[in-house]
Each structure stands twice: as C-alpha cells, then as structure tokens.
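**Q** Okay, here's what each chain looks like letter by letter:
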Amino acid sequence: MFTGLNILGLAIGICASWIVFRVVFYEFSFDKGHPEAEQIYKVYNRSQHAGEFRSFDGLPVPIAKYIQENITDVAQLAPIFYQYFGEITPISKEKEATPMDGQGAIVGTLPDYFEMVPYTWLAGSPKTIFKTPFEVVLTESRLQLYFPGLSPQEAMGRTIKYGKDLYTVVGVIANLERTSSFIGKEFMPIPEKEWNNDRWNSYSSNHQLYVKLRDEKAKESFLKIANQKLFDMNGEENAQYNSSEEFQLAPLSTLHFNKNIMGTVDIRLLYGLIGIALFLVLLASINYINLATAQVPYRAKEIGIRKTLGEQNKHLTWSFFMETWVICLLALALAWPLRLLMEQFFNSYLPEDLQQFDNSFPIGLFLLGLIVFISVLSAIYPAYLINRIQVAEVLKIKGAVKMSFGSLIFRKGMIVFQFLIAQVFVIATVIMGLQLDFLLSKDPGFKKDAILTLTLPYKKSEAPDVDPFLIKNKLQAYKEIKGSALGHLPMSDIHFGNNYSTQSDTGKVEINMPLKEIDDSYVDLFGIKILAGRNIALSDTSRGILMSRLAIEKLGFKSPEQAIGGQVFNGDKNLEIVGVVEDLNNKYLRSKLEPLVLFPSIDRRDLRTLSIRLSDNPKEWQAGIAHVEKEWKALYPKATFSYEFYDEHIKHLYESDLRFSSVINLSTAITILISCLGLIGLVTLTTAQRTKEIGIRKVLGSTVSGIVGLLSKDYLKLVLLSIVLASPIAWWAVHKWLESFAFKIDVSWWMFVIPALLTLLVAFFTMSYQSVKAARSNPVDSLRDE
Amino acid sequence: MIKLEQLFKWYSQGNNRSFVLKDINLSIEAGDFVSIMGPSGSGKSTLLNVIGMLDEPNEGKYYFMGEDVLAMKTKKRNQLFQAHMGYVFQSYHLIDELTVYENIETPLIYKNLSSADRKAIVSDLLDRFHIVGKKDLFPAQLSGGQQQIVGIARALAGSPKVLLADEPTGNLNSKQGEEIMELFTQLNKDGVTIIQVTHSEKNAAYGHRILEMLDGQIK
Numbered sequence: 008m009f010t011g012l013n014i015l016g017l018a019i020g021i022c023a024s025w026i027v028f029r030v031v032f033y034e035f036s037f038d039k040g041h042p043e044a045e046q047i048y049k050v051y052n053r054s055q056h057a058g059e060f061r062s063f064d065g066l067p068v069p070i071a072k073y074i075q076e077n078i079t080d081v082a083q084l085a086p087i088f089y090q091y092f093g094e095i096t097p098i099s100k101e102k103e104a105t106p107m108d109g110q111g112a113i114v115g116t117l118p119d120y121f122e123m124v125p126y127t128w129l130a131g132s133p134k135t136i137f138k139t140p141f142e143v144v145l146t147e148s149r150l151q152l153y154f155p156g157l158s159p160q161e162a163m164g165r166t167i168k169y170g171k172d173l174y175t176v177v178g179v180i181a182n183l184e185r186t187s188s189f190i191g192k193e194f195m196p197i198p199e200k201e202w203n204n205d206r207w208n209s210y211s212s213n214h215q216l217y218v219k220l221r222d223e224k225a226k227e228s229f230l231k232i233a234n235q236k237l238f239d240m241n242g243e244e245n246a247q248y249n250s251s252e253e254f255q256l257a258p259l260s261t262l263h264f265n266k267n268i269m270g271t272v273d274i275r276l277l278y279g280l281i282g283i284a285l286f287l288v289l290l291a292s293i294n295y296i297n298l299a300t301a302q303v304p305y306r307a308k309e310i311g312i313r314k315t316l317g318e319q320n321k322h323l324t325w326s327f328f329m330e331t332w333v334i335c336l337l338a339l340a341l342a343w344p345l346r347l348l349m350e351q352f353f354n355s356y357l358p359e360d361l362q363q364f365d366n367s368f369p370i371g372l373f374l375l376g377l378i379v380f381i382s383v384l385s386a387i388y389p390a391y392l393i394n395r396i397q398v399a400e401v402l403k404i405k406g407a408v409k410m411s412f413g414s415l416i417f418r419k420g421m422i423v424f425q426f427l428i429a430q431v432f433v434i435a436t437v438i439m440g441l442q443l444d445f446l447l448s449k450d451p452g453f454k455k456d457a458i459l460t461l462t463l464p465y466k467k468s469e470a471p472d473v474d475p476f477l478i479k480n481k482l483q484a485y486k487e488i489k490g491s492a493l494g495h496l497p498m499s500d501i502h503f504g505n506n507y508s509t510q511s512d513t514g515k516v517e518i519n520m521p522l523k524e525i526d527d528s529y530v531d532l533f534g535i536k537i538l539a540g541r542n543i544a545l546s547d548t549s550r551g552i553l554m555s556r557l558a559i560e561k562l563g564f565k566s567p568e569q570a571i572g573g574q575v576f577n578g579d580k581n582l583e584i585v586g587v588v589e590d591l592n593n594k595y596l597r598s599k600l601e602p603l604v605l606f607p608s609i610d611r612r613d614l615r616t617l618s619i620r621l622s623d624n625p626k627e628w629q630a631g632i633a634h635v636e637k638e639w640k641a642l643y644p645k646a647t648f649s650y651e652f653y654d655e656h657i658k659h660l661y662e663s664d665l666r667f668s669s670v671i672n673l674s675t676a677i678t679i680l681i682s683c684l685g686l687i688g689l690v691t692l693t694t695a696q697r698t699k700e701i702g703i704r705k706v707l708g709s710t711v712s713g714i715v716g717l718l719s720k721d722y723l724k725l726v727l728l729s730i731v732l733a734s735p736i737a738w739w740a741v742h743k744w745l746e747s748f749a750f751k752i753d754v755s756w757w758m759f760v761i762p763a764l765l766t767l768l769v770a771f772f773t774m775s776y777q778s779v780k781a782a783r784s785n786p787v788d789s790l791r792d793e
Numbered sequence: 002m003i004k005l006e007q008l009f010k011w012y013s014q015g016n017n018r019s020f021v022l023k024d025i026n027l028s029i030e031a032g033d034f035v036s037i038m039g040p041s042g043s044g045k046s047t048l049l050n051v052i053g054m055l056d057e058p059n060e061g062k063y064y065f066m067g068e069d070v071l072a073m074k075t076k077k078r079n080q081l082f083q084a085h086m087g088y089v090f091q092s093y094h095l096i097d098e099l100t101v102y103e104n105i106e107t108p109l110i111y112k113n114l115s116s117a118d119r120k121a122i123v124s125d126l127l128d129r130f131h132i133v134g135k136k137d138l139f140p141a142q143l144s145g146g147q148q149q150i151v152g153i154a155r156a157l158a159g160s161p162k163v164l165l166a167d168e169p170t171g172n173l174n175s176k177q178g179e180e181i182m183e184l185f186t187q188l189n190k191d192g193v194t195i196i197q198v199t200h201s202e203k204n205a206a207y208g209h210r211i212l213e214m215l216d217g218q219i220k
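Protein chains in written order, with our numbering: chain A, 8 to 793; chain B, 2 to 220.
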C-alpha cells in the first residue's frame, strides 16, 4: 500500500512539473537568436491623462519615416504595418484564378526587417527584395495556401492579386522555426500613401515598430529626438486635455513579458506555475520521506540481519537510493498518461502553438534531472536512519513496537508544512469560487437570459448587400420569437470610443467614453431601464443619442431629467440627449462601471450583430431557432448559420478566470490528497508505536472513542497549527487576486473558518481508519507477554 | 463470586478445532486466593483473560456476582468489570510517557472521578506502597520490582474486588518476587480476591488453592 501511495504522490508531482516546465520553457524561449539582440527594441507609447497612465505599442504612422530620415543612431528600422485585403487571388498558370478571403498576418515593412529577424530563405534573398512597390515575400505555409504543391523556386516570379493590385513573389522563407514575437507570414513594402501619412495623433495596433540601435548610448538620444518631435506635433493638443505622452523602448530580450506591450505573457503567472509545481514536488517528496521513515522500524529487523551478515553501510545506502530511484521511475511511467490527460483538460489554458515547437530534448533532460533530484531529496533522510540502526538493539526487540526512529518533530514539521500549503489552496479555492459565482450572478443592468446572438455575414463572398433590418422584420412574424434588435452587444469588447464635450458657464468638459451603435429595439430587448426622456428612434440618426447615468454625471448634468435635451459635442458634431438610461456593465465585471453612449444607426456596417429574444418558455426555443435558421438561409444562402446564447457569451468573458480557478481547484485536490497520504503514513507509524499503550488504556477502562480521540488529538493539533499559519498567507494572496476586480465579494471570517473545519474533518477521517482499527483491536493481543 | 460452567474456547483451523480451553468448570468464592499453574500453552493465561473478560469464550456460561456475563450488553459488562477487576501483568505494562502518579491515576480518569477524589485515592496508594518519593519518576527510572508495585497500585486504584495477575513475578528476581507475594497475601487478608497465573511452585503456594492446567483442561 505504501509503495502505491508513494508512486501516486510522486507521479502527480512529476506530471505537474513536466507540464509547467514545458510551458515555462516555451514562454522563455521567445525571441532568441537575433543577431545583437540586446540592441533591438520595440517602440511603444506611454500616455498620461488625468493622472492615469496607459501604454500602447500601436504608434502614429509617420514616426517610422521620421526616424528613418532623422535618427542616424538607428542601425535597422523594422516597421510592422499590418495590411488588410478583402480578397486575395493567386494567379495560376494552369487554371482560372479564384479569389480567396483575405488573410491576416500580412505585414508591410522595410528590407531592414529581414536583417533584424533571421529567416531561412528557401528562394530569393533579403538583399534583392523590395526594389519596387509591388513585391511580396511569402512564408512556406502561405505559399502552400496560395499555390499548393509549388516549390519555393517555382514560386519565384508568380503573381498574386491583393485587392486590386498585382504583386510578384520575390522570396520564400521557411515558417517560423522558433518561438518569436515576429509572427508575420507575408511581407510587402509599405504602400507609398501610408508611408507619407502625417497624422501624428492617431494610434493603431496596426502600426508597430522595432528598431535596432547602434549601441547602448544611442538609446538616450533616440528617445530625446523622437519625443521632441512627438511633443512638437501633439504637445499643444495634449496640453489642452491635460494629458501628455512619450515614446519608450522595450528591449527585445524581455519583450515577451513586457506588460507595456499587447498580447504579452504575465511573468508572474509563470512564477506562480513554477511555484505550484515546486510545491507539488516538495509535497510528494515529503510524503516519500514520511512513508519511508514510517516503514524503517518494520524493516529494521531485515536490515539488522543483513548487517550481521556483513553488509556494508555504503552498500545498504546505495541499495536504498536505488529503490527510491526505481519508485521514481515507476512514478514517471505513471506521470506520462497522467500528463496527456491533464494537457487535454487544460488544453485551452496552454499556449496555442506549444505542440508545434519540439523541445523533447530539454524536456528529457529536465525529467532526468527532476527524477535524480527527487530521489536524492527523498532518500537522504530515510537512508540516514537506516544507517543508524543498531544491530544489537534491533535483534533484541520484537516487532516494531518499541522502536522509535528519527525525530518525530522533524516529521511533524513536514506534516505542518504540507497542510499549510494545502490549506492556502483550500481557502483560495473557496474564495475564488465565491467570487466567480458572484460575478456570474450579479445583475449587469440588463437582461441576459433567453437571448440568442448571431453575427450577420460581412465577407463579400458570403453576404450580398442585404439590409440587416430585413431579417429582423421577417422574424417578427413568429410567435416563438419575442423580439430582435441590432447593434453592438452589451458587455462585449465591441464598441467604439470618442470624445464628448459639453459647454457650460464654468467651461468645457470633455470625456472620452465608449459608444455602441444600436437600433430602436435594443433598449427594450435587453431590458435597459430608461430613467428619463424616451428611447431613440431610427429617425434620430442625425442627432439624438442615449446616455447612461454615469455619462451625464461626468458631463456635468445634475439629474437625468435635466440632461434631456442637453447639447453634447463630438468634434464639430452637435448631438442632443433624448434619453438617459441606467448604468449597465459595458465590458465585464473586472472593470468599473463606465459611462456609455448609445447611438442610433441604420448603417449595415455598424449593425452586424443580431440579438433575438426567444420565448420565455424554453420548450419553444427549438422552434424559434429553426425559424431563424430558415430566414437566414433565405437571405444569406452562402453563409453558414451559427449562433450563440448570450449568457454563454458572458460566461466566456470570465473564461480565463474560470480556467485559473480550475487550475487552483485541481492543485487543491492534489495538495490535500498528498497531505492526507502523508498523514496516513505518520498515523500508521505512531499507532504502531502506541499499540501497547492503547492496550493498557483499554484494559484500564478507556472506550473506543476515547482511544480514537487520544490518537487523533495530536495530529489534529498539527493540522490546526498549519491552518492558523496558512490563513494569513491565503488572505494576502486572495486579497491580491481580488484587487483586479472592480466588483468583488467582501472577504469575511467564515471563508476561513469553514475551509478550516473542512480540512480538519478530512484529516480526521483520514486518520480514523487507522485509529479506529487500533482502538478496536483486542488488548490481549498487544499485551501478550512472550 | 465467579462461576464458570462448561466453558470452551477454540481456534478454527480449516475444519479442525484446536481447543485452548476445554470444558472448564470452576467456582471461586469471594476472598479466595487461587494460583493457576501449568506448562506453557496449557491455557492458563487464556483462562485468566476470559475471567477478566479481556477474551471471550466460544461456548459455556460465566456468572460473575450472580450475573450471566456473556448475556450482558458489552457496555454494561465493561462497566461491571471496570468496577470490580484489577489487572497485573508480567511485564507491568505501565505507560512509558506518564509518571508513576499519572499511571496510577489513569484508570480513575476513565471512571470519571473528580480530580480531588483522584488525588485522594492516588495519594493514599502511594502512601500505602511506600512510593511517595517516586511519584514523579517515569517507569524507565524504576527497577522491575518497583514497576510491578506501581502496576499493582494502579490495579488497586479502582478498589476492585478481584485482582487478576498474569505471572506477576515472571520478570523479577526472587527477592522482589517474594515482596510481591507478601503484598498479595496482605491484600487478600484485606478482602481482595486474587487469581494469579504462575510458573513457580513457591509462589503458587501463597495461594489457598492451586489449579493445575494441562491442554486446556483443569486437572
């Protein structure tokens, strides 16, 4: 039984470290192998508005040209200007060209890019490309997409029609061979018009920039010149809005973890994972030590006899290490299927292209090291005890009863440590669970049940120019459908943002706030409460808008009623508030309530999302959905019909939180399991050592429950000690996590007491098997004198 | 006081029964001092354990103070025996982690006596057996004879009517053995019924009556 417990515990520890190592190795392998990488930087913008700082690595377009013309310290300049084409048509010699949908990852850049980022060139050369504007370099994968079966050499000189322009293939490069921040798949020169753009106050994630400086000193002068220019261009406007901005440089070596850059990885998360894996390995090792030590008295006789037969201590130690090593190997064998299972389970939590990068060699090395580490760590103490066994003593005493090996305090300390970790996880699990429940059940300010959402087709190939109101009107005919509305979903990332201002006696107030384009049924469909004024009508499109309570308050109106008819300016557009609605959560509940503007629209491009309220009776949903599909097929024959329930959509917003919590839940289960295994080992040992005492006490009149209490008391005290130590640690960790939510539960004492009771109960039941067994045994057996 | 009728105890080995006690009929009056003798494996310890209800017979009747013990509910039986029996062992079986004082006190705790009562009883016993000076020592710090005296003091703490002793002098030298036997004689004179198992003819002679056992039967 002990061997089984050991292998299971170790397998879990190994499996966890295996997965974590893979992820960590993957994340840390980013952006290696660039020549003189320490001089390469990504440029980003840091702005300040009313004391709030924001970083963004989307830049104004003209900065690239300005740097090229004015900053001599820049050795290489690699803009990443994403290009979008509705249609791409590879021109084939063999058959008629068929247009394809536009692809992502098409990058407009300068030839410098290919010097900064080393690629394997399958055809063409970085020296000869981009001499003329209409040239394209493809990665192997894109080549196969456009010209299936063509070799890189054959592809040279072929033409592809991007939108309306014909481009010639001038190079083919291998797919990305390593993890990298450079994810472009097609490269072309930056269009002349874009290059000469001079809008310094417009930022977009489509325009990013890497530079390679001549030396370390160039950094300062680079920033000085670039920021001076930025100030010259935007300073005046910024001052007007009480804001400021500057460029900053993010070194390539740590770019993947730089929190100022979009889409990067939070390095703290990785440290957290490493921590969890380390704890699990440590817990498993502690278990092994505990259980192995518990067995030493039982093996003492065997060892004693072996020693009398002349076995050397050295050899004894060695064979014990080998035993541990074999157990670790068995654990590794078990960890393999366990890992596949876990990776399946956490698939969505792992980096997407983790599987693409082969790192079996470092992983193999890591596992070997891990096993050696674990076996040495786990075997040292028991081996030391084995060596201390005194032959004469062992052979004199019968059974394991009277022997005590090693310091009990040491083992008790390890139990306290195990339960301390377990308890931190237990508390975290409980509080995270409560918080997520709270988020999902909190009233967001609108109705979210029984709503179906569809994205209307927008690709040219799928959608004829159909007015979105057509499908909406058709759906009115069905009794199973209570209503439908068009416009940007509430609680979603889809919205625009704009500056709105009011003019009053005290001066001008300007606020940047998100806006959603909606139709006239929207407010009703989502049950958004109108506080004053009226709903918008489609005829309001020229001027009338709805604003949320927070929006009017920020703009300086005293009450919703007062705001009705209020004039609001957006640039030189003059708008009028026709209604004020109750605040609703626009994004999700991590963020605070934001002001919101609702704009009426009849424009097909704005009204791409159709929301349908189904009948209150779920039995009619099937029929309702069937009607929607029928109308969809009639209007959009080429587009596939798909829908999503809106409450599911909301759940998706918390997906990363839910996944994080499932990692924590699993870790909790594992740490509790491992800790209890350790407890079983220790209790088994001490009950064996106290058999005689138990017998005496029974003869003297103790009851079974009295004995169970006696045996459990000591260990429950240890567990209680761990809980007391764990609670402040858990409180601190949970507090940190909750800080990232604008809406959160109040942490209160029972969230610590209830998990504590649970853990005590689990510990008690774990021990009860051994202690009840001991307490029920016949004292005659343990007290026999022979 | 104690009456055993047609008592059997056996272990099953496949279809065969190996008898440890075979048709035991025995009657012991209050105030008696009985020595049970016999070679190893003759069943004398088992008989003592059955009398003390640490072990149950497979068949037969057992009357203790006129009550049918085997027909009683376990809880009631335990109470009965706890109140009236004291046990003394060959290897003393003191609890190593407790002091002399605490060892003697333990059975009283299980009888739910108040701490004042316990203190009075224990002090009295310490006095009676002249071990007041040793009350704070641990068993390991005492000689075998002293440990057995503590064992007897502990057995007497609950003021039992019957004292069951399994080879009480087995681990002691002859001088210490004599002391214990004299102690038993004195206790018997004070009214305690004593049943002892012993190998030694000399010690057996302290009893009023000697039962010889062989192969699970009383000769």
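Hints are computed from structural coordinates only; laboratory data are not their basis. It is possible that some hints are incorrect.
Simulated restraints on C-beta separations [unchecked claim]:
id: 1; chain 1: A; residue 1: F417; chain 2: B; residue 2: A141; range: 16 to 26 Å
id: 2; chain 1: B; residue 1: S124; chain 2: A; residue 2: L732; range: 20 to 30 Å
id: 3; chain 1: A; residue 1: Y776; chain 2: B; residue 2: H200; range: 35 to 45 Å
id: 4; chain 1: B; residue 1: H209; chain 2: A; residue 2: N320; range: 32 to 42 Å
The beta-carbon is built from N, C-alpha and C at its ideal position, and this holds for glycine as well.
**Q** The structure should be examined with respect to each hint, and the outcome stated for every one.
**A** Hints, verified against the model:
1. In this structure the supplied range 16 to 26 Å holds for A/F417 paired with B/A141, their Cβ-Cβ distance being about 23 Å.
2. Between B/S124 and A/L732, the C-beta spacing of about 42 Å breaks the proposed range 20 to 30 Å.
3. A C-beta distance of roughly 40 Å is found between A/Y776 and B/H200, which places it inside the suggested range of 35 to 45 Å.
4. Separation of B/H209 from A/N320 is about 59 Å and departs from the stated range, judged on CB atoms against 32 to 42 Å.
Going through the hint list in order, the structure does not satisfy hints 2 and 4.
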